[in-house]
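Asker: As they're listed, the protein sequences go chains A and B. Counted the way numbering that gives the first Met the number 0 counts, the first sequence spans residues 0 to 368. Counted the way numbering that gives the first Met the number 0 counts, the second sequence spans residues 0 to 384.
It cannot be assumed that every hint is accurate.
[Said to hold, decoys possible] Partial list, derived from the structure: chain A residues whose beta carbon lies under 8 Å from chain B: (1) Ala42; (2) Leu99; (3) Glu245; (4) Ser255; (5) Leu355.
[Said to hold, decoys possible] The calculated label-pair distances, taken between Cβ atoms and stated as ranges, are: (6) B:Leu191 x A:Arg244: 52 to 58 Å; (7) A:His247 x B:Gln323: 23 to 29 Å; (8) A:Ile320 x B:Arg169: 50 to 56 Å.
[Stated by the list, open to error] Calculated Cβ distances over 10 Å to all of chain A for the following chain B residues: (9) His54; (10) Gln95; (11) Ser115; (12) Asp133; (13) Pro187; (14) Gln323.
Read the hints as simulated data drawn from the structure, not as lab findings. Ideal Cβ positions, reconstructed from N, Cα and C, are used throughout, including at glycine.
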Amino acid sequence: MTDLLYSADEEALRDSVRALLAAHAPGQRVLARLDGDDPYDGALWARLAGQLGLTGLAVPEAYGGAGAGFREVAVVLEELGRAVAPVPYLGTTVATRALLSCGGSELLGRVATGDCAVALAVCFATAPGTRPHPLAVAPDGTLSGTVPGVADALPCDVLLVPAGDGLYAVDAAGPGVRMVPVVSLDATRTLADLVLTGAPGRLLASGAAAWAALDDALTAGAALLASEQVGVAQYCLDRTVGHVRERHQFGRPVGSFQAVKHRLADLWVEVTEARAVARHAADRLATGHAEAPLAASLAQAYCGPVAVHAAEVGVQLHGGIGFTWEHPLHLYLKRAKSSAIAFGTADRHRAAVARLVDLPAPGHGVPVA
Amino acid sequence: MPEHTPERLRALVDAFLRANDPAGERTAFLRARFDAGLAWVHFPPGLGGRGAPRHLQPVVDEAFDLAGAPDNRPRRNSIGLGMAAPTLLRHGTAGQQRRWLRPLWTGEEIWCQLFSEPGAGSDLAGLTTRAVRDGDDWVVDGQKVWTSLAHRARWAILLARTDPGMPKHRGITYFVCDMTAPGVEVRPLRQLTGEAEFNEVFLTGVRVPDAHRIGAVGEGWQVARTTLMNERVAIGGLPLPREGGMIGLLARGWRERPELRTPGLHEEVLRAWVRAEAARLTALRLRQQVAAGEPGPEGSAVKLSFAELAQWISGLEVEFLGAQGLRYDDWTLRRPAEPDLLGRTATYRYLRARGNSIEGGTSEILRTIVAERVLGLPREPRVDR
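Looking at chain B on its own, in the form it has when it is part of the complex (with noise of 0.2 Å):
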């Protein structure tokens, strides 16, 4: 009989139950989900998991919810969970792990990203903010931006570069910076929707500690790739049931305003379901794919698909609605956790679903990874490298 079953995995959660009330103290309840290993059960024991198949997290998770027990809200710390997380498993020490990876399951730290720079968007390695060794710490200087989370942020993963000599994707390196240190200054950024999601980071003199430094010196690109594949999973995939996602929302509208309808919007709200549809099915597919421990590229396709599905639907919908597609429901300036899709007008959703084909990596830059990665084309030619 296999170690890991789902059986014996919930039998490991009622015994957990047992011994500890879900209706308890939060932060308690879920540090001892975590000691108990049976917080991401495909972590190694002593990291919060038990080195169980991944496919096998949907049994755990759905055992805790039918007791009533309190998540560690994936959605505050997606940053933490699905970026830095995994870098941290794969690339950072065992202290580095222990230390960081409890607080950032239960939600008591939050993290963000310090990546792209204003000059360096699509061509993140050409990034210039520095890192200089000063006895046992580094000096960061430069200026970060795109920086969702950052106001609530404890921690953030960090890329500087420490050897202006080397090509450049050979003089970066990866850093946890504690966004509490002194020199580090947060400062809204508000978007064309009117309310601000992401931050500008200025970093001045901030000091990070040699131990605060994932992979070796120079070698943080490739540390930064894991991040940046897991950021690509982490954006696509989410389940949904058919009309579950905008396309819902045009075609109720399309059912309750027949005095709304035309011939040719007809044909293209027909043209956008179906295209909505397939990209569901995609998006269950790969979820299915990745269940039965055997994950394919689909990702790629989702996010693609999502971002224009999220630009079509949402300028159809503005478009149907005529005068009441005039309207905006407010421009001051707001710091959301995350965009409300869903809850606000059709034109937020039209202003804000711009933003899908650019963030997390454009389309035309996924466009090029998949053309290279999963269809094997030849490179480009350089003249960087």
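The following block holds chain A by itself, in its conformation from the complex (with noise of 0.2 Å):
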């Protein structure tokens, strides 16, 4: 049966990623970055993935890594989303997903260690289940092409690449390879378009093997995103109530008024509810269950709309400082908006549903008789 809780070790996992984040990655630090060259934390990275080794927490201990699994890598992004920490966890997770199911790689030590991050290339808002259109590979091996709106990429050393018939792995460094930066919605999160002109590259896996291993990241993406989105929709809905059992208008605390009360125990039912649909992707994530790509599309059903619907109405009910650059507010209202888009829309994914559960379009398969 899917194990909805967190365990006593999850818990301490949650416990010390928070405590690390509060000292160095306070909201206002977040916001500061944003004005400075680099919005991602080289610094908070380095400490993330080598003081707490949360880049091994999915790598098997067989390649150097803690051996623990989805279920902790969960919980890792839900304290990130909560401080929407400008770190390429989510990436670097979805591009492990990747070489565990290209059969493992000597890449996978490093990635455990923290000394490589690794991203998969392709568009940030690819739903599990699409195929992109793959780069080209000449014949002396090396790829040519662009794509657009790649999560995580910049600070990375290596890229996955779904080019010709395989996945390949390609230095960020090397030659051919140019990364343009994208003005994203969310710069907490930094896209880059990749071109790639005559970039040599290393096959990890080909035919079959090399779509599903893309398939296998793009839905553990999915699963663990919904995560990411519980922690974003519940740091909204906790500093909300925060505000408005300080802020007084009229004489009372602005949460004292039933409009402003049944918004938030509406916003909480949402978040309570996130929580147990987000906790089940990352279960059947975890024990490889035969339905994890249904719980993920539930989950980005369900997640993505939650956590928008959490930073709209933080920002609503802050009033007028929730629509400053000063209130760390809106950093969220970006994460959550993008993040509604990533690994495919919550319609994509309600698509996804109607086919794993058969509940067909009009005019669509076969009834029963």
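Take each chain as given, in its own frame, and dock them per the hints.
Answerer: Laid out in structure tokens, this is it:
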């Protein structure tokens, strides 16, 4: 049966990640980075990957990882979402899943130690089950083509590129690789347009194995992003509840008005449900359950819109201060809205649910006699 | 080794089953199970339990079930088991507990709840039913409403005003009322579905012995809070498989009637399916929390979502059915023990679901409770305290 709770170990992991983020990535510091050259926080990444070993959680011990699993990764993502931490953990996790599906790789050991950040070179909006247009492979084995909107690519060392009939590893700093930074809606998770012109690549998998690895990675992305969305939503709810308790108008706390209370109560219900759904998706992924794709699509159909709603209600109930640049809430709105597109919109995932549980659209599918 | 383990409880059930034939007389078997402390294991010894952790109850129930033993038909006495029993356990005297808990658990005595009044629904503390002291008795006069099971019940938990001079929350006392006493009149209350699950209860000069008072005079509101808290737990949290509720009927209809499908309804059916599954997983998570001994406030979320989903999905189903959605099965005055949500027409479900956001605390009251007790938001200024 699906385990929807957090184990004692998972709670301990949460505590250590939260403490580190509170010390090194408070909201104001994340905000201040947006006006600097690089929104990514390399020092924070070094602490998370090196000090806490978070990039090794999903890597088996045989490859030098912690051999934990995606349930633990999901807890880390909740905390990173709660802090809108500008680190490439989601992208690295998705790429890790692709490497695991390719049957392991020496890259995994370097990922586990945090020496190497890896990104899957597909557009961030790609849904599981879709095949992005593959790049061209020249007779000499080099890769050429463009991939728009790749997340977590700018700070990465190795790109996993679907090209021709295979999946290739490409050194990000190697010849023929150009990454053009995109001005992204969510500046705490940068995007880049990737341009390859005769870039050398090492083949990791080909044919059905390559597509399976890609699909596994995208499914993991959809499933695990839900936990990040729960973290975002919970932060927005907590922060807004705190605000309306303190803020007074008409001689009483704003949070004592029923119009405000009921919106927040409804939001609490949504976040509570999103947590169960995200836990379910993480558990199905971690246990390799046959219905992991359904749980992932359910998670994106439900949790993505919840995070957006939480951020929107948060901005509204903060009033004027919520509309300012100085208050960090807008970082969550932007994270939530772009995450609702990442790995496929809720609508695409509802279509996937329709396929997976046999609820066909009008005029489609063979009716049951 | 801890005192209470699943293995030990299973061994106790095995020993009990060797001494008591599960195929024998039902009431005798249930009484013996109660006396053996294997009824509700978290209750204290002597009162049907053994002070074991509550989450071990399913171990015992499953062991009896496997042996084909009769159960106490919990759905027939939901108010007794879900609300009266925990209240008696928490606030009753030893004598009251001994008198009432055994026949309550075995189902020999059904219970109902005399709380709501025509003038006191959401604002329950505004109730006006009076109880006046007369020697060793109280004399009760008033009218209660929305009383399910009143026509089958032997006992009722009753709230009455004993001191009209006090602020409204402090003038209330909690009693147990004999439903066979002179002056108790039960009339069916017909609801918009045509049937009558509920009753109106008229109390005219009903004598309630002071020995049937639960808790101190004037402290009925505190006692009632135990009951109401358990009501919310009792309503939420039934374990269902995927598509086990109303969504399953809609999904099956969708699969079997391709000629009725439209693009707009497809979108809505998918949205409803996703929300129903989210609510189901939330209820499942609540059960896992309770089993792990750490119940969360998710019960309120479960009840709010259940009501919204039942209304939404049943409305969708009626619309999906088109011409068949114009029909109803039966308007005659029936007296069901509980609503037959899955067995009747979609139009019945649609109508009955309107009550889901009203009974057991309206969704509006529930949202306020979530906001104040779960989120810690300040109360609205009140003029009645």
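Asker: Now tell me if each hint is right for this structure.
Answerer: How the hints compare with the structure:
1. Violation of the interface hint for Ala42 of chain A is found here, the shortest Cβ-Cβ separation to chain B being roughly 35 Å, above the 8 Å cut-off.
2. The interface hint given for Leu99 of chain A is violated, since its Cβ lies 26 Å from the closest Cβ of chain B, which is over the 8 Å cut-off.
3. Violation of the interface hint for Glu245 of chain A is found here, the shortest Cβ-Cβ separation to chain B being roughly 10 Å, above the 8 Å cut-off.
4. Taking 8 Å as the C-beta cut-off, the interface hint given for Ser255 of chain A holds, the closest approach to chain B being about 4 Å.
5. Taken as an interface hint, Leu355 of chain A does not check out: its beta carbon lies about 11 Å from the nearest beta carbon of chain B, beyond 8 Å.
6. Our hint of 52 to 58 Å for Leu191 of chain B and Arg244 of chain A is violated, since their Cβ atoms are close to 40 Å apart.
7. The beta-carbon spacing between His247 of chain A and Gln323 of chain B, approximately 55 Å, falls outside the hinted interval of 23 to 29 Å.
8. Against the hinted window of 50 to 56 Å, the Cβ-Cβ separation of Ile320 of chain A and Arg169 of chain B comes to about 41 Å, which falls outside the hint.
9. For His54 of chain B, the requirement that its beta carbon stay farther than 10 Å from each beta carbon of chain A is met, with the minimum near 13 Å.
10. No Cβ of chain A comes within 10 Å of the Cβ of Gln95 of chain B; the nearest lies about 37 Å off, and the non-interface call holds.
11. Residue placement check: Ser115 of chain B keeps its beta carbon more than 10 Å from all beta carbons of chain A (closest about 22 Å).
12. With a least beta-carbon separation of about 43 Å from chain A, Asp133 of chain B lies farther than 10 Å from that chain, consistent with its non-interface assignment.
13. The beta carbon of Pro187 of chain B sits about 35 Å from the closest Cβ of chain A, which is more than 10 Å, so the claim that it is off the interface holds.
14. With 10 Å as the threshold on Cβ separation, the claim that Gln323 of chain B sits away from chain A holds: the shortest Cβ distance comes to roughly 17 Å.
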